[in-house]
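*Asks:* Chain residues, written in single-letter form:
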Amino acid sequence: MPATVEPPASHGRAEEARIIPAELIEPRPLGTRALGPPEAWPGPVAFLDGIQRYVVLAYAGTMPVVGADVAAAVRERNGREARTVISERRRLLIGRPEALALAAAALPGIRTVALAAEEPSHPLRDLELARAVVDRARGEVELSVGNAYRRGASHWLVVDGSLAESPVWTADPRMIGVAKSHATLPFGGPDLVTYLHLPAGHRSSVFRPASRHRAPVYAWGLRLWDWAGRDLFFGLVRVEAAPTEESLRLADSISRWLLAERAPVSADARWDRLLYGIHGVEEYLRAQR
Amino acid sequence: MSEKPVSPPVGRVVATELKPSTPHQFYFWTSRESPIGIGAIVRVDAEGRTVFGVVTDGFAYSDLQTPMHAVIGADGDPAGLEEPTRRTEIRLYAVAVLRHIPEEPVQPVPLGVVHLAADADVVTALRMDAYVAGEKPTAIPVGVYAAGGLEAPVYLDADFLLGPEAAHLNITGVSGLATKTSAVEFLLTSLFQTFPAHKGRIAALCFNVKGPDLCFLDQPAELNEEDRRLYARLGLAPVPFDKVRYFAPYKADGVNLNTLRTHEALAGNTEPLLWGLREVLDYAEVVLNRDDVDAKADAFIDFLAERVVGKEFEDHTLPRTFRVRSFAELDEFFRAIFAVLEEGGRGGGEVWRTHHIATIRKIRNRLGNISTRSKGLVTDDGEVNDLPWGGFEDRGLYVVDVAGLDPLAQDLVFARIVSRLREHLERRDLGVDHVVVFVDELNKYAPADGPETYVRKMLLDISERGRYLGLVLFSAQQFRSQVQRRVIGNSGTMILGRMDGDELALPGYSTMSPATRARLAALPKGELLVRHPHFTQPVFIRFPRPAVLSGREGIERFPPRVELSFGEAVARRLRALDPSLATSRVLDLIGGRREEEVRKALNATIRARPDQPLPFFVRCLGREVPAETVRTRDVVRPIRTSGDLY
Chain U
9 MPATVEPPAS HGRAEEARII PAELIEPRPL GTRALGPPEA WPGPVAFLDG
59 IQRYVVLAYA GTMPVVGADV AAAVRERNGR EARTVISERR RLLIGRPEAL
109 ALAAAALPGI RTVALAAEEP SHPLRDLELA RAVVDRARGE VELSVGNAYR
159 RGASHWLVVD GSLAESPVWT ADPRMIGVAK SHATLPFGGP DLVTYLHLPA
209 GHRSSVFRPA SRHRAPVYAW GLRLWDWAGR DLFFGLVRVE AAPTEESLRL
259 ADSISRWLLA ERAPVSADAR WDRLLYGIHG VEEYLRAQR
Chain H
-16 MSEKPVSPPV GRVVATELKP STPHQFYFWT SRESPIGIGA IVRVDAEGRT
34 VFGVVTDGFA YSDLQTPMHA VIGADGDPAG LEEPTRRTEI RLYAVAVLRH
84 IPEEPVQPVP LGVVHLAADA DVVTALRMDA YVAGEKPTAI PVGVYAAGGL
134 EAPVYLDADF LLGPEAAHLN ITGVSGLATK TSAVEFLLTS LFQTFPAHKG
184 RIAALCFNVK GPDLCFLDQP AELNEEDRRL YARLGLAPVP FDKVRYFAPY
234 KADGVNLNTL RTHEALAGNT EPLLWGLREV LDYAEVVLNR DDVDAKADAF
284 IDFLAERVVG KEFEDHTLPR TFRVRSFAEL DEFFRAIFAV LEEGGRGGGE
334 VWRTHHIATI RKIRNRLGNI STRSKGLVTD DGEVNDLPWG GFEDRGLYVV
384 DVAGLDPLAQ DLVFARIVSR LREHLERRDL GVDHVVVFVD ELNKYAPADG
434 PETYVRKMLL DISERGRYLG LVLFSAQQFR SQVQRRVIGN SGTMILGRMD
484 GDELALPGYS TMSPATRARL AALPKGELLV RHPHFTQPVF IRFPRPAVLS
534 GREGIERFPP RVELSFGEAV ARRLRALDPS LATSRVLDLI GGRREEEVRK
584 ALNATIRARP DQPLPFFVRC LGREVPAETV RTRDVVRPIR TSGDLY
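From first to last, the protein sequence lines stand for chains U and H.
Under the working numbering, the final residue of the first sequence carries the number 297; numbering is consecutive throughout.
Under the working numbering, the final residue of the second sequence carries the number 629; numbering is consecutive throughout.
Please keep in mind that the hints were generated in silico from the structure rather than gathered at the bench.
One thing to keep in mind: the hints can contain errors.
As the list claims (entries may be wrong) - Cβ-Cβ distance ranges computed for the label pairs, FRET-style:
id: 1; chain 1: H; residue 1: 15; chain 2: U; residue 2: 216; range: 40 to 46 Å
id: 2; chain 1: U; residue 1: 148; chain 2: H; residue 2: 89; range: 37 to 43 Å
id: 3; chain 1: U; residue 1: 124; chain 2: H; residue 2: 91; range: 46 to 52 Å
id: 4; chain 1: U; residue 1: 237; chain 2: H; residue 2: 89; range: 30 to 36 Å
id: 5; chain 1: U; residue 1: 131; chain 2: H; residue 2: 89; range: 33 to 39 Å
id: 6; chain 1: U; residue 1: 118; chain 2: H; residue 2: -3; range: 26 to 32 Å
id: 7; chain 1: U; residue 1: 219; chain 2: H; residue 2: 51; range: 37 to 43 Å
id: 8; chain 1: H; residue 1: 91; chain 2: U; residue 2: 277; range: 32 to 38 Å
Everything numeric in this text was worked out from a predicted model, so none of it was measured.
Glycine included, C-beta positions come from ideal geometry on N, C-alpha and C.
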């Protein structure tokens, strides 16, 4: 039975709010550092982002057949001009094997991903499983374009989100992750107050987020815009870099470079945290869809 | 289908619900560095269809949602750190369609790749392919279209510029910046050099209405390399006109010419324009106040023209036979009538041959005034020196300088010359098949408002019927809105130079896009917007400087001489016929002679142009110069519409 259902939040990854205490790398206690005036990025820099979208295309009985579109690209800025240097797009058909068997004939040529579910089909649970598949597929595409870019260029590469998706990325001394999401917070108690009350133009001490599933990185909070009178998270990003002494040495410089990236302001509701370079990648990918 | 494009793509057509493509308009985007500009001609290639269009408007915008974000991004400091990434920005252009290939069915412009038009594309886009080639091409170069480093000649169709299909050209623009005069001079050069032989012979007659504008059309200008290149691109030779004759009336002294072209080196082809009673009487309605010329006055003028002037007139009431050939003889004739009426007196002396004495007095006064107000143009003694009616040369340029004339005399010159042109063209005995008449300051001679004048009617008549005769009006003015609409409307070809902003804001220009109007308001010298019947949309072109001296340059190189004494002026006029003549010799000859006698002899010599001017002049001085036999006008009267006595 054909259908056109776009599930809520089908454009982004699912995240769970939680606190996972991190390990401080710079000396205790957790502190804040004024960064001084922004500095222009030295030389060319590239931005990497991915997008995802999925919709229910049909139901085989009660089993949803999900169509997904994931894409990622790298846009490199030379001077003040940015241009797309790499992009990749994948289309997926996701569902239980018996549902795919029926749908694949109607949609030939699209890669299928079967849901490995042992429990009986539940339409909502199947959608949750499909979403996880889409998240992984997007991560794979992002890794693919990131690695491809790195094979051909050694410029700084700013990734939207966490570097911890890949040990290759976390080992790269010229990659930076800029996470807008704060669903997982690195501190609790008074340190959390210090962390979330970061003044504009300041960074937090460097810490190492704790996670069993993720590659180790160094991270720090950076307040891009003054949050007074606004939300706690307004203008706050988490910066990630390779877990090396070099990253510690460059943390202030990287922060100043990112402060310079506040302008131009992105044409997006998340403009306080969305760097224009990342926004440009998103716009490119959406326009290509 | 058209040939494949030769230039790389510069854009792509976009169509949205808010900005859809139609059969006559479309939009395309291009890069920020693209050479596209307002007026550029582009071609769109899509499956099975090629579309040509001209860019009429341009838009640029970025992804900035609100200006506030720009302020926030700069921390409120315009001089702050430059944004490290240039904002995404679009260049979107609106295009008016010039031509579809195939023409049918008429469909919206497809989504396709946009190229800048090359030479062949411009020919096709402007539909010039119908007349630039073939067995009998009729293309007249008017300038080059230039955009994005490409340059292509633009041609007008002689059939639509000089008739019979359409005709006339009107040019509008502000003084000094629009290069109206230069444009006409260049176009006349182009016409004379490229007018096809199969279309017949052509001449031009220009009225110089202000200063020295058209006084040096036979003198070469110094052109720069770019101008020479443009001439070569258009297939023209940068040379001045070689068959130019200037006509200017005398000043009141009857020997110094009333023109700024009085330098001795230019005297060879500068002649006096001199008319007598017959020439004026035929156009009496031009120079007489309309209120004066009631039915009775008109009847008396007709009586004079048909029965008296140029004929032997006898009346038993008059003491002798009269032969009226000049204003002086006419006055004698009037005096004789008044004497008769005064003698007849006592009730019976108020009417002579059915004409009331008041009417006769009125006409005598008005005609007398003409010779006074037009002194220098109109002579009392009947001498005439006129344009070479019947002997116009092919590619000949005749300039009549009326800049220094009284407005009434200007009207008389316009009316008589244009009417004579019309008569001769109707009879096909002018010597050429087409005559271009150039009139500047059209808002003065054919104003949109104000009383109906003879000159305005005459200009309207040319514009409405001239093309059938080969009589073509090239006209110019500062403000098109101030010119009689029908005169403008009948101009098949319209040219706009640099325009006044207030004029452009008028409804008459509302069909142009804001960008086109903005470009017109700042158009550099040498660039024009041309509308021609073959062009679906007007196009911007560039033309080279005329190969002739401008008025300002001419005055510097050939400064007009100060007004000469009577004797020296006579000597100058004679030296124009024979440069070897010594001034002192002429002064000796005319010493002690009456000025009227000398003037008469001089004009007779100028008119006759003898091989030996001095002996001829001496012979004329020694006896009464015979008057030229005045031929009665036998055909066309100057424009007189039925129902209108004037």
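*Asks:* Among the hints numbered above, which are violated by the structure, and what are their numbers in rising order?
*Replies:* 2, 4 and 5
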